[in-house]
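> As you go down the protein sequences, you meet chains A and B in turn. Reminder that position 3 of the first sequence reads as 3 in this note's numbering, one-by-one numbering, no gaps. Reminder that position 195 of the second sequence reads as 195 in this note's numbering, one-by-one numbering, no gaps.
Treat each hint with caution, since some may be false.
[Said to hold, decoys possible] Using 20 Å as the maximum straight-line C-alpha spacing, the simulated SDA-like pairs for lysine to any residue come out as follows: (1) 49/A / 209/B; (2) 49/A / 60/A; (3) 49/A / 34/B; (4) 5/B / 162/A; (5) 37/B / 50/A; (6) 28/B / 9/A; (7) 121/A / 191/B; (8) 225/B / 170/B; (9) 79/A / 37/A; (10) 111/A / 253/B; (11) 131/B / 200/B; (12) 121/A / 12/B; (13) 79/A / 67/A; (14) 28/B / 33/A; (15) 182/B / 269/B; (16) 204/B / 121/B; (17) 181/B / 232/B; (18) 232/B / 191/B; (19) 253/B / 184/B; (20) 110/A / 167/A; (21) 45/B / 52/A; (22) 151/A / 58/A; (23) 5/B / 167/A; (24) 49/A / 5/B; (25) 212/B / 182/B; (26) 49/A / 38/B; (27) 28/B / 162/A; (28) 214/B / 249/B; (29) 253/B / 289/B; (30) 5/B / 33/A; (31) 5/B / 137/A.
Keep in mind that the hints were calculated from the coordinates and are not lab data.
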Amino acid sequence: MIDSNEINNNIEQIYEDNFQDVYRFLICFLGNRNEAEDLAQEVFIRILKYSSRYNYKSKLSTWILSIAKHVAIDHVRRKKFTSLFKHNFFSEIPDQKNIPDQLIFDMESKKVIQAAISSLKSQHRAVVILRGINELSIRETAEVLNCSVSKVKVDYHRALKILRRKLYPSKEEVFGDANG
Amino acid sequence: MQTDKELIKQISDSYDLEPRDEFIEETKQRLIRKSRKINYHNYFKKRLTYFFSTTITLALMVWLLSFNGAEFVVNTVNSISTSVNSNKSESQRFIPNNEDEVIFIYHTHNRESFFPSFDTNELSKAFHKEKNIVKVGGKLASTLQAKGLRVIHDDTDIMQLLKDNGMQFSEAYSLSRKIVKKGLEDEENIQLFLDIHRGADIDKDKTSTSFKGKIVPKISFIISKNNKHYQKNLEIAKLFYEKFQEKYPGISKVETVEGKTSGIYNQDLSSNALLIEIGGVSNTLEEEYKGAELLANVVSEVLKEL
Chain A
1 MIDSNEINNN
11 IEQIYEDNFQ
21 DVYRFLICFL
31 GNRNEAEDLA
41 QEVFIRILKY
51 SSRYNYKSKL
61 STWILSIAKH
71 VAIDHVRRKK
81 FTSLFKHNFF
91 SEIPDQKNIP
101 DQLIFDMESK
111 KVIQAAISSL
121 KSQHRAVVIL
131 RGINELSIRE
141 TAEVLNCSVS
151 KVKVDYHRAL
161 KILRRKLYPS
171 KEEVFGDANG
Chain B
1 MQTDKELIKQ
11 ISDSYDLEPR
21 DEFIEETKQR
31 LIRKSRKINY
41 HNYFKKRLTY
51 FFSTTITLAL
61 MVWLLSFNGA
71 EFVVNTVNSI
81 STSVNSNKSE
91 SQRFIPNNED
101 EVIFIYHTHN
111 RESFFPSFDT
121 NELSKAFHKE
131 KNIVKVGGKL
141 ASTLQAKGLR
151 VIHDDTDIMQ
161 LLKDNGMQFS
171 EAYSLSRKIV
181 KKGLEDEENI
191 QLFLDIHRGA
201 DIDKDKTSTS
211 FKGKIVPKIS
221 FIISKNNKHY
231 QKNLEIAKLF
241 YEKFQEKYPG
251 ISKVETVEGK
261 TSGIYNQDLS
271 SNALLIEIGG
281 VSNTLEEEYK
291 GAELLANVVS
301 EVLKEL
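Build the full structure now, drawing on both the sequences and the hints.
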């Protein structure tokens, strides 16, 4: 068992055990190295600050990832809000359905995949990253996202379907649009 | 078509999943500094809390022991408890209990006082705003409450009301009558109405006796013959007398009064209404308190048979 003081005393170890997972989650979620680095630091500083809130029911690593998720979603929300004022609203929001034609045929392009990932809504994006990249179990994913196991299953399935449709539109369209 | 696994593989390949080494190291150093700061802060906070609580405890102990702290605390607690009691109603202190039976104590001549309490030996001047029979009634009430009985003690300043309304001393019963009537309206289960007085005989030998080597006031039960409840009230007075004889022989007596000049003492309102004189004008307040205690002991005996 780790108590709040122990988290502070063992922060070095905790950091080394977890920074990779946190960073991976953030880089996939945000698609931007600078932002991912800044937020990764923010996550571990929050762990120090709020160590007393850790409730020991979940694994420490799940708790840390749930903080990462909060930080990431907060950041995206704030960014959306400030971009309203910084730039022209309509020119900035990417057209989520229509990825530019020349990229669609370039299947190996990382950018296409990244664009497809960032076009997912936050919940779907988080599920895909946690399950696929961080390789958490369904139960652990549910704990991080604070939702039910069945919601994780449904969201994961749905998110992959959406991704596939975005990446291989021709094949999916044959079967019709099942997910609206 | 692609499997989920392949799709995920594709996704993970499209990101640079490894953070830069400089970033890893930089963040680590930053966290170590930060955690030291937090730990130091916590340590300091703990020390500070400890220091302050010790100082305050010590100061409090010195204050309580060496200065007048204890007295102050006792006074504050007392004044709070009395103010809580007096807030319950303007003139009635009411301590509820599980028992249904209620004893209603009031004072038609509320300012009846005692020679030893202040410097006089004239009967007409033996009235006092504070050192009066209400205090004796209060002692009776508190002793009964200590026995777990419900008591309503009315301390209305009837003498002041008489003055305010330009009424005569002899009209006091018309005011205390209202108090009894209100009591009957508000409470269903009043077992006894006790109008507590002190006697007017200035001869202390006649209003006192000795019990176990101590001077105690004699206690008289005064019953009016001029009303419909005379017999029943008399029975209760006799019951009191019998119980007194068992516990404290020679202290009590029962008087019946008749005639138009004497009042009916609100005894027409209830078959359980008594006028009780505890001692007389020459007794001290301490003696009167003792009398109130003895009376309370007998009241609890009598209640069992009502």
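> So, for every hint listed, does it hold in this structure?
How the hints compare with the structure:
| no. | hint | verdict |
| --- | --- | --- |
| 1 | 49/A / 209/B | 80 Å, violated |
| 2 | 49/A / 60/A | 15 Å, holds |
| 3 | 49/A / 34/B | 9 Å, holds |
| 4 | 5/B / 162/A | 15 Å, holds |
| 5 | 37/B / 50/A | 14 Å, holds |
| 6 | 28/B / 9/A | 13 Å, holds |
| 7 | 121/A / 191/B | 78 Å, violated |
| 8 | 225/B / 170/B | 19 Å, holds |
| 9 | 79/A / 37/A | 16 Å, holds |
| 10 | 111/A / 253/B | 112 Å, violated |
| 11 | 131/B / 200/B | 16 Å, holds |
| 12 | 121/A / 12/B | 18 Å, holds |
| 13 | 79/A / 67/A | 18 Å, holds |
| 14 | 28/B / 33/A | 18 Å, holds |
| 15 | 182/B / 269/B | 11 Å, holds |
| 16 | 204/B / 121/B | 12 Å, holds |
| 17 | 181/B / 232/B | 19 Å, holds |
| 18 | 232/B / 191/B | 13 Å, holds |
| 19 | 253/B / 184/B | 27 Å, violated |
| 20 | 110/A / 167/A | 11 Å, holds |
| 21 | 45/B / 52/A | 15 Å, holds |
| 22 | 151/A / 58/A | 19 Å, holds |
| 23 | 5/B / 167/A | 15 Å, holds |
| 24 | 49/A / 5/B | 38 Å, violated |
| 25 | 212/B / 182/B | 40 Å, violated |
| 26 | 49/A / 38/B | 8 Å, holds |
| 27 | 28/B / 162/A | 38 Å, violated |
| 28 | 214/B / 249/B | 14 Å, holds |
| 29 | 253/B / 289/B | 18 Å, holds |
| 30 | 5/B / 33/A | 25 Å, violated |
| 31 | 5/B / 137/A | 15 Å, holds |
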